[in-house]
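Student: Below, each chain spelled out in residue letters.
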Amino acid sequence: MSFREKSAWITLVSVLICFGAYFAELFGGLASDQHHFGGLGSLHLLLLSVLALVALQVILTIVAALTTPKAGRGLADERERLIQLRSQSLGYHVLMLLAVGLFAPAFFGHRGIEMANFALLAVVIATLTVAVAQIVMFRRGV
Amino acid sequence: MALPIVNHIRRLRFEHGEMTQSALAERIGMTRQTVAAIEAGKYSPSLEAAFRIAHVFGVGLDDVFQWDE
Numbered sequence: 001m002s003f004r005e006k007s008a009w010i011t012l013v014s015v016l017i018c019f020g021a022y023f024a025e026l027f028g029g030l031a032s033d034q035h036h037f038g039g040l041g042s043l044h045l046l047l048l049s050v051l052a053l054v055a056l057q058v059i060l061t062i063v064a065a066l067t068t069p070k071a072g073r074g075l076a077d078e079r080e081r082l083i084q085l086r087s088q089s090l091g092y093h094v095l096m097l098l099a100v101g102l103f104a105p106a107f108f109g110h111r112g113i114e115m116a117n118f119a120l121l122a123v124v125i126a127t128l129t130v131a132v133a134q135i136v137m138f139r140r141g142v
Numbered sequence: 001m002a003l004p005i006v007n008h009i010r011r012l013r014f015e016h017g018e019m020t021q022s023a024l025a026e027r028i029g030m031t032r033q034t035v036a037a038i039e040a041g042k043y044s045p046s047l048e049a050a051f052r053i054a055h056v057f058g059v060g061l062d063d064v065f066q067w068d069e
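Sequence lines, in order, name chains A and B.
Just so we're aligned, residue 1 is where the first sequence starts under our numbering, counting upward by one.
Just so we're aligned, residue 1 is where the second sequence starts under our numbering, counting upward by one.
Since the hints were derived computationally from the structure, they do not count as laboratory data.
Heads up, some of the hints might be wrong.
In silico lysine-lysine, DSS-like type, Cα no more than 27 Å apart, as pairs [claimed, not checked]:
#1 A/K70 <-> B/K42
#2 A/K6 <-> B/K42
#3 A/K70 <-> A/K6
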């Protein structure tokens, strides 16, 4: 597995774990009165999630670098650049679609930090889309 | 989807001192995985990359890649 494919897996796993936990806590608590969805509690959760994400990505990237031969850690070659371009294009379109979709929660009365969380969810989904697209293209050839 | 280009990279590697994919990749400035994808017909290299591969083996482009519909 190339270093860049490993990086895509690292992004997928770390974002799923850290922001999966964040949104599970956020949406899971909606049924109770002690949810943080629209309050400052979500900011504390977000900070924890971001710190966990950074820590996990740093650790896993170091492991990936140590387990990849030096030749595989150089500049991206033409195939890797093509995969990056195509996956980011797909992620961009997903993000644009979800951005338009933000009108839906706004229509139903969500405001402020609640809308910020919906926007963050859109960014997370787009990021996961990019990572999955890269992994599929690396596995398939391109 | 199979690409309409066949290549003889694997045979040429063996004919040139059993060159590994990694060695070829290093010679042409690509990753081993990209060379593997080219060999397997899963990725079409750029014209520059195709010429670099042919140059490594000291043969013409037609001896490495062929159009196959």
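Student: Determine for every hint whether it applies to the structure shown.
Tutor: Evaluated hints:
no., hint, verdict
1, A/K70 <-> B/K42, "25 Å, holds"
2, A/K6 <-> B/K42, "20 Å, holds"
3, A/K70 <-> A/K6, "14 Å, holds"
Of the numbered hints listed earlier, not one is contradicted by the structure.
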